[in-house]
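Starting from the known structure of chain Y, arrange chains Z and U on it as the hints suggest.
One-letter residues, chain by chain:
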Amino acid sequence: MERISRYILVLVSAIAAAVVLPWLYRMTFDKPVHVPFVVYSCVNNDFMIQETENGKQERTDTHGNKYTREEYEQKLPLMYTRQLLTAGTMPDTINGTAIDMHELLKAKSVFYYKPEMMNTPHPELYPLFESESGRANLEMPDDFFRITWRMEFINAETNKIEEEKSRLFSVALYKKGFTFPSKLVAGIPTNRKSCDEGYFITDSADQLFHLKMMDGNPYVKKVDLPEGLKFRFINCVDFKDKKYYAYLFSEDNGIYILTQDEYELIKLPIEGFNPGNCDLRILGDIFYYNVIIRADDHLQVDVLNYSDYKKVDTYRKNWLTRSELPAGKIAAAIFPVQISMTDKNSNFINFYIEKPSGFAWIIVNLILAGIHLFVLLKRKTKISRHFFDLTVVTFTGFFGYIAVNLFQNKLFD
Amino acid sequence: MWKSVIYKEWLKIRWFLAAFTVLGLIDVGYIFLKVRHEFTFSSGKDYWYSILFQRYRYFSFLKYLPLAGAVAVGLAQYLPEIINKRIKLTFHLPLKENKVLLMMHAFGTAGLLVSYLIILFAFWWLSKFFFTNEMITGAFVSVFPWFLAGLTAYFIIALIIFEPVWKYRIYYSLTGVFFLSIYLEPAVTGGYGPVNPVLFVLTGCLSIALIFSAYRFRKGEM
Amino acid sequence: MVNVIECNNLTHYYGRKLVYENLNIHVGEGNIVGLLGKNGTGKTTTINILNGFLRPRSGECLIYGENSQHLSPETKAKTGFLIEGHIQYSFMNISQIEKFYSGFYPKWNPAPYWELMSKLDVTPKQKISVMSCGQRSQVALGLILAQDPDLLILDDFSMGLDPGYRRLFIDYLREYAKSENKTIFATSHIIQDMERLIDEVLIIGYNRVLAQCPVNEFMSKFKQFSFESEKDISELKNEKFVVNLEQVKNKIELYTYEQEGFVKNFLDRQGIDCKNFREIRMGLEDAFIGLTGKY
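Residue numbers (numbering that gives the first Met the number 0), protein chains in the order written: chain Y, 0 to 412; chain Z, 0 to 221; chain U, 0 to 294.
Next up, chain Y with everything else stripped away, as it sits in the complex (with noise of 0.2 Å):
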């Protein structure tokens, strides 16, 4: 019982070494890793690049051509709208079209997506806003809904279901075909927006639904998806062109658009891109759109045009990261593993383990066996009754030695 007492002991200790010390060491060592903003530029047909070098902004094209902090604001002048006006230097055509203020700024978008937010625990339950209220700004509703056996609204006050609303609902649901219980429901659960489109849910048999309430009543519409098309995560999006009402990821990692009015749904010609560990940013102009995909180890940029969507132009730019750079290989050869409870792409506190890389970790996980077997037959204790310890050492490496030295394999008889 005292052995496994120990035993216990040194292996809790080992995984606590195996979070702290990676840890220490990342706080110690890390750099950050600088990645360049790069977008499409519609006076030069080319990709303009801004970096941040050795605490210096850096701005070029991919000619290698350097550019000073106003030539660059030139060359971008749908993003940079404002400055320029204010500087007086806002041309009025670009690439022979007359500029329109007004549309000009009814077709600027910027969507942000990060994958910590499909990977986030919630609650399921939304408000559903009266879309068709007749006043100006959006009214909290006094009641959230959520999707099970049935759709329900629970008022805030009381915590009590509305059930004459929830059947009024779950009837409508049932009748366009929905398999209870929903899987996604997106939607923008805030009053702040221009206006209300309600929520796009997926059923249990995938199907996809468009849900608003008008006037208290209920609209769901069906919509119809090709065969085997499963959504991963939809983000409802709330911009001025109103062109379509989301971005949808699709299980194979396609993005999607879903068009206003017509329920069209649109691939983007968008390849590499995965929403469980890319960050995505789509900048939209009345020219082009930037789908910016940034990994851990490199930065992709698709400029798609605004009216077609067909591609334009694409760029890469590759880095190494923390695991190729020095400090990162000198981790992987001291750690045989690295175990971290958080991830910067998910919300979840998890034991997130980087495996071992490379074959260094290896030799370092011996040499310190090895010093431990020195120590004990210098003591000259038997060494068969060590031998637990030396398979932990020769396993975990520094967490090990550090572990099976902290808790004193003596006296065991």
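Hint data in this document are derived by calculation from the structure and do not stem from the laboratory. Do not rely on the hints blindly, as some may be mistaken.
[Said to hold, decoys possible] Taking beta-carbon pairs under 7 Å as the criterion, some of the chain Y residues facing chain Z (in silico): (1) V19; (2) D99; (3) M100; (4) L103; (5) E123; (6) P188; (7) N190; (8) S339; (9) M340; (10) N349; (11) L410.
[Claimed, not checked] Pairwise CB distance ranges (calculated): (12) Y:T390 - U:G64: 34 to 44 Å; (13) Z:Y6 - Y:G369: 44 to 54 Å; (14) U:R195 - Z:L22: 52 to 62 Å; (15) Z:I81 - U:G159: 16 to 26 Å.
The beta carbon of each residue, even a glycine, is placed where N, CA and C say it ideally should be.
Showing chains Z and U alone in chain Y's frame:
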């Protein structure tokens, strides 16, 4: 015989358990006083909105409560055994040493668990007035690791108190603090969902940690 | 005769410092053995080894034939243990502590305990922590008597007690042990107390056993002779038969196991004059100091 063992432990910790339970109920009461205040002065829907979409946590005042209780009970139960090495009296009783230790430990654990369950029951019961099942479940997923941290701290304190060598007491304390930090990471409501079962197992394994240092004590380790 | 306690070749070190080596102890049933020694000679060490609270560097101790490191519950039920300083769970009161211990021993007899408690003039709810040293010793003694063990191990049972309590303790103990054929293994600083209690003596010095035999035998064999001499006879200390020698001016005290005649002859042969040569009758304390030295 186990009745007598438990009798001694009960004499040592009864008031601490009672005081801690009362403190816990006051803590829970305070939380819901605030909740009710929010409902009255703001509105139910805005309050729900802040919890669901703005990551507001109404129960964060519970975070260190289980830990405090565990430390108090652990010290109350085991410090009197170490003063003048009185645990020798217990080890001299006609029982196997590990058996009597585990009986003592099990009783302390049970006492602490009962306190925790009373506090959690009050929390759940009051929650049902204001929040839906989803919100309550999310809250429970979040507070579960805090209560596990409390139990773990109790197990680690027993380990530390029985350790005869001061140097190692300090090392164990440091290790304990680092290990407990795993249970107390800042997280969104429900964030601990995937890892709670693993933490539960780890805590369970540590329940016999004190056997190791008590053994060292018995063998006269200097 | 069954050996209740048996220690074979007991050797222990504190770090690098030797406490003793190859210590052998045999305590038969019904014997009362006293372990005497100066501070630091290993009395409490021996007690700790006997109770399984210390692992000796080498050698073993057996209690009722079981290794003291792994005593069975049955053996522990038969053994009563008094910790140095009459240590008890002082957060309890005298009723609670009796209730606590009674649950462990089938032979528990509360009568002697309460009899002792009645002599103390305390209430049943008296907390042990507020009792005096002497009162606590009675609590400890009462608990041991109520347990009715066959073997009693008492570490420094007289510590902190004044003479009245000590006398009470010893008389009670000896009477109890002899009438019930109990075995006692005790240590104490106060030799006069030991003298009243024990049958057999075990005296340890630094690193070794100095004497191990029945008290009567020890007292009859170990002698103190006193005489006067003008000569400086300090080199006599090196003689084998001289256990100890003290010389203050011309007064000499010589301790030995030899007979008077042998000593006198030796002194004559060495040409040492010895005026007023006589044997001094010793108590156990005198004998102890004679054997172990004053410093």
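Verification of the supplied hints:
Checking V19 of chain Y against chain Z: minimum C-beta separation of about 5 Å stays under 7 Å; hint holds. The beta carbon of D99 of chain Y is not positioned within 7 Å of any beta carbon in chain Z (closest approach about 36 Å), and the interface hint is therefore violated. Checking M100 of chain Y against chain Z by beta carbon gives a least distance of about 34 Å; that is not within 7 Å, so the hint is violated. The criterion of a C-beta within 7 Å of any C-beta in chain Z is not met by L103 of chain Y, whose closest approach is roughly 32 Å, and the hint is violated.
Taken as an interface hint, E123 of chain Y checks out: its beta carbon lies about 6 Å from the nearest beta carbon of chain Z, inside 7 Å. Nearest Cβ of chain Z to the Cβ of P188 of chain Y: about 5 Å, under the 7 Å cut. The hint holds. Interface hint status for N190 of chain Y: violated, as the beta-carbon distance to the closest one in chain Z is roughly 9 Å, over 7 Å. Nearest Cβ of chain Z to the Cβ of S339 of chain Y: about 10 Å, over the 7 Å cut. The hint is violated.
With its C-beta approaching chain Z no nearer than about 5 Å, M340 of chain Y sits inside the 7 Å limit, and its interface hint holds. The criterion of a C-beta within 7 Å of any C-beta in chain Z is met by N349 of chain Y, whose closest approach is roughly 5 Å, and the hint holds. Satisfaction of the interface hint for L410 of chain Y is found here, the shortest Cβ-Cβ separation to chain Z being roughly 5 Å, below the 7 Å cut-off. Distance hint for T390 of chain Y and G64 of chain U: a CB-CB separation of about 38 Å, consistent with the stated range 34 to 44 Å.
A beta carbon spacing of about 53 Å between Y6 of chain Z and G369 of chain Y agrees with the range 44 to 54 Å that was offered as a hint. Checked against the given bound of 52 to 62 Å, the beta carbons of R195 of chain U and L22 of chain Z, roughly 56 Å apart, stay inside it. In this structure the hint that I81 of chain Z and G159 of chain U lie 16 to 26 Å apart at CB holds, the actual value being about 21 Å.
Of the numbered hints given earlier, the model fails hints 2, 3, 4, 7 and 8; all others are met.
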